[in-house]
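> Residue-level listing of the chains:
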Amino acid sequence: MSIIEIKNLSFGYHKQKILEEINLEVEEKDFLAIIGPNGGGKSTLLKLILGINPVKDGSILTFGELPKKNLSKIGYVPQNTNVNTDFPIKVIEVVLMGHIGSKRPLFGYGKEETLCAMGALTQVGMEEFSHVKIGELSGGQRQRVMIARALCAHPEILILDEPTASIDIDGQKRIYELLKSLNEYITIIVVSHDISVIMQYANKVVHVNKRLNYHDISTNTKGMTHQCNHFCDVEMFNLFKEVK
Amino acid sequence: MENILEALSFPFIQNALIAGLLVSMASGIIGSLIVVNRMVFLAGGIAHTAYGGIGVAVFLGLPIFLGASIFAVLAAFIISIITLKHRERMDTFIGLMWAVGMAVGVVLIDLTPGYNADFMSYLFGSILAVSQNDIYFMATLLISIIFIMTFWYREILAVSYDSEYANLRGINVRFFYTLILILSALTVVVAIKVVGLILVIALLTIPVYIAEKLSNTLYMMMILSGIFSSIFTLIGLWFAYEYDIASGASIILVSACSLFLFLFINKIK
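From first to last, the protein sequence lines are chains A and B. Read left to right, the first sequence gives residues 2 to 245 (my numbering). Read left to right, the second sequence gives residues 680 to 948 (my numbering).
What the hints contain is simulated information worked out from the structure, not anything from laboratory work. Note that beta-carbon positions come from the ideal geometry of N, C-alpha and C, so glycine has one too. There's no promise every hint is true.
Said to hold, decoys possible - Here are some of the chain A residues that sit facing chain B, going by a computed Cβ distance under 7 Å: (1) Tyr77; (2) Pro79; (3) Phe108.
One chain only, chain A, in its complex shape (with noise of 0.2 Å):
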């Protein structure tokens, strides 16, 4: 069954259009990546399915529902988290935020909260720093942390919008070792420009420019990344000219 299902969705400002006639559905479990150019509709498609955006041409539906219904359920990384690395505030308290909109006691944090935040801490591998100023963390910790806020909510949906963008390259491959490790029980969306590291772990791949395409990539390259533990771009032209 889908839990996200797009139809013939069209969506612009004003009279230019961004996005235009997008077909997609996404599967329990899935980890889908969508790639494209800057300005070619990724983060507004991601904030059509968040139900941010109004859906005025064409229809979204989360687990059948529209998005609005289902923003529990839907957990989201934003994109820039080096913003704002002054502000006096606990890594545990910036997942803490991951509760909000649900049933709250009537002063601060209630205990099952904290626990529940401690563990997404755990899940994330960041609950020695619970107590650390979030602004003397790492680019990379930082991401984690905000996954783990995502975490809190229990969602089934995972977003995340390029998680890696401004990590070092040992940061980038421990998120996307723990959004596999996610990926078991949970669905993954995850917008990237690092293609070459989205190849080994996406099953679904789409291309967003204005249109949509989808690829299918669960069998050809899967088999290949457990040959070599070097996968860049050059590998993948090397493998498109061997399809060709």
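We have chain A already, so just place chain B on it with the hints.
What follows is chain B alone, placed relative to chain A:
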């Protein structure tokens, strides 16, 4: 020492101390919010627009606090609308309100027949002229601020730290943003009484800046700012009394010296 005891027996000194402490705590809390939300320039705009309200109040014979509060809250609403709609032109609009507010105030005070009260007192504060009613107003404001901050702490924290995410989780970002601006406006109005509108920004930022370096949570920052601000205000008032200088300027200079001392100690550590 005798000097101080003697001073404390005067009701107007007692009022000044109470007012100083109330305003310090309010400005510590709200100053923290203003700094983390990068709204310092906005607060400056509100403070100067409030001067227009003071002019209107003087002209119409209304209570000064009432006129200034209405103008400041109005300014907060306008700024809130502008930031949400025309963010890129915000500095222009605030600069405009800043100047027009001042101009309205000056003209109306000029036009008020027989009014020659010291209008410098609004620019540089007049804490020794605090009345009992002023203190009630300040106390009510402080209690409201503490209540709102305790009750909505997590929402205000989320909106301040990551408004996009807060919006996504269903928080009414516009409501909380406007609420922060209105509380800032009211705090600015009471702080005008203590340090004057020209110095209000310093009172809202200097203690906060020191507190920010020492805290890793927002509420810690608010508490520390309130404490620092209270200490600076008390020391400043003592200097003002002892050497017969303007209290507002004295408080600000004590704060600024403390800040430099703090930065210096931080540096050599």
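> Need the list of violated hint numbers for this structure, in ascending order.
Violated hints: none at all, because every hint is consistent with the structure.
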